[in-house]
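Novice: As a plain string of letters, each chain reads:
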Amino acid sequence: MAKKETVRPALLDEALAFGGPIVVFDHVDLAFDEKVILRQVSFTLQTGHTKIFLGASGAGKSTILRLALGLLKPDAGRIFVNGEQIDGLSEDALMRVRADLGMVFQEGALFDSLTVRENVGYKLAEELKWPADKVDARVKEVLGFIGLTEFIDRMPSDLSGGQRRRVAIARAMAAKPRILLYDEPTTGLDPITSLTVDEEIIKLRDLEEVSSVLVTHQLRDAFFVAEHAATRAGAEVKFDRAAEGKSDQAEFIMLKDGGILFEGNATELRAAARQDPYIGSFLS
Amino acid sequence: MATKLETWAKDAVLEVQEYVKLLARFGRAAVTPPFYFRDIVEQFDSIGIGSLTVVLLAGLFTGMVLALNSGITLDQFGARSMVGRLISASMVKELGPVLTGLMVAGRVGSGIAAELGSMLVTDQIAALRALGTDPVRKLVVPRVLAGLIMMPMLSVLATGIGMVGGWIVTVLQFHVASTVYWSSVVQGLYMQDVWMGLIKPLFLGFTIVTIGCHVGLRTTGGTQGVGNSTKLAVVASSVAVIAVDFMVTKILIVLLY
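First to last, the protein sequences are chains L and A.
Counted the way our numbering counts, the first sequence spans residues 2 to 285.
Counted the way our numbering counts, the second sequence spans residues 5 to 261.
These aren't lab readings, by the way, just hints derived from the structure by calculation.
Note that the Cβ used here is the ideal one computed from N, Cα and C, for glycine as well.
Worth double-checking, as some hints may not be accurate.
[To be verified] Below, in silico cross-link-like pairs of lysine-lysine (DSSO-like), each with a Cα-Cα straight-line distance of 30 Å or less:
1) K14(A) to K130(L)
2) K247(L) to K257(L)
3) K135(L) to K204(L)
4) K141(L) to K14(A)
5) K130(L) to K25(A)
6) K25(A) to K142(A)
7) K14(A) to K239(L)
8) K8(A) to K177(L)
9) K74(L) to K14(A)
10) K36(L) to K254(A)
11) K74(L) to K254(A)
12) K36(L) to K14(A)
[Claimed, not checked] A few chain L residues that face chain A, going by a derived Cβ cut-off under 10 Å, partial list only:
13) Q107
14) A110
15) D184
16) G235
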């Protein structure tokens, strides 16, 4: 892997090494007019770990991703990304923070007028001003990683739903961000295609050491991502059940009415489902 | 009733505030890097070359119908040789810029609102921001620059083709000699009229494109919202073309004549 484009001070790099607090929400409130979206939400995503947000539609899951990206500003509370407090930053200053973030939007949000090659290489060519041959090499590398090299010259409209999501993942990872945010990446996909998307998320986390925040209401996918690990076996990538310590690196957060109802690992979530009727009904 | 009026007034003030904020962001983005040159060239092609056919056809038929109507009237006074004068004055000062403005409002204003609106409701604008791109620099600046520069050019072409249309009718219908028509056209032209014909489209182009961008970027409500934005962009920019035309004419008369 080539050196990362974004440079952090050495001290901060040390503080944000594996297990460090790479995304922090501290008592965040957000309301649109009279409607409360988030109420006193606090959590910490550690470097190399995964946070999985569950909750009913409208619970505020996607809003958390938009706040982390700086697309929305909180009414109260503090948000830190990569060691920088972002809630008060201007749009121009946020561009610097976003250099180290990638986001996979619901439905992919690929640019209609650009080919897969141009979509995936967008940030490298337009924002980082990489030379064309370097962009092309990186685009082919990430498309190879997600297994879509042969679709490089297709338009997004020529792709299936699952292929679009995977291209969106390729676009988000092309600039090698340290943090990836996934907004319902498997919603509306069939189980087999969902599994390929889940595997891409696991590969990025375990093989590329990307910290991730996953928003979903697909429990099957959430548990699969939390409880599986990817390892390289020569040219192949193997997916096995994660060891106990490894699966603890994926934490679930369940939102209800804008607040955090539950926070813990997969085993604790299953235990909570037996005691809390709401969590139980959600998991049943 | 009072509450409805209050809500309407608040919404109107909010729209004006957001429009002014967009103009301020455009002003800053237009003079500071990064610039997206490829997008600027694409928009010159899309707004300028793409509007050429409709603008030329509108100009041609306007010149022809103007010649027909004014020819019949002037003929009653034995002044059919003055048709060229009337056409040049009307086309250069007023009809060329305004008709081009209305055509561009219909074609470009609606297109911009629909394109940006679709990008907004499908999260492509959010994706741009997530990838580190300021949507105003990438989407608004190229369109506004293209509108500013291509509108005067389109207006000049519409005016020119309108004069040609007038010439065809004057020669074929009223049997006026070509030389008489063209010398009448030149006699009817004053430098102030030419300036007015060049300055007005600058303002009209700016107005049409900024309204299209503003409406597109304020789209809400999915695909239905995109339809509403498209409709609103055409209506608002068409009315704005007439209103801005009046205001700019008033100012230019004071400054130039």
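Novice: Compare the structure with each hint and give your call.
Specialist: Here's how the hints hold up against the structure:
{"no.": "1", "hint": "K14(A) to K130(L)", "result": "violated, 43 Å"}
{"no.": "2", "hint": "K247(L) to K257(L)", "result": "holds, 27 Å"}
{"no.": "3", "hint": "K135(L) to K204(L)", "result": "holds, 23 Å"}
{"no.": "4", "hint": "K141(L) to K14(A)", "result": "violated, 51 Å"}
{"no.": "5", "hint": "K130(L) to K25(A)", "result": "holds, 29 Å"}
{"no.": "6", "hint": "K25(A) to K142(A)", "result": "holds, 17 Å"}
{"no.": "7", "hint": "K14(A) to K239(L)", "result": "violated, 59 Å"}
{"no.": "8", "hint": "K8(A) to K177(L)", "result": "violated, 51 Å"}
{"no.": "9", "hint": "K74(L) to K14(A)", "result": "holds, 23 Å"}
{"no.": "10", "hint": "K36(L) to K254(A)", "result": "violated, 48 Å"}
{"no.": "11", "hint": "K74(L) to K254(A)", "result": "violated, 44 Å"}
{"no.": "12", "hint": "K36(L) to K14(A)", "result": "holds, 20 Å"}
{"no.": "13", "hint": "Q107", "result": "holds, 7 Å"}
{"no.": "14", "hint": "A110", "result": "holds, 4 Å"}
{"no.": "15", "hint": "D184", "result": "holds, 9 Å"}
{"no.": "16", "hint": "G235", "result": "violated, 34 Å"}
Against the hints set out earlier in the document, violations occur for numbers 1, 4, 7, 8, 10, 11, 16.
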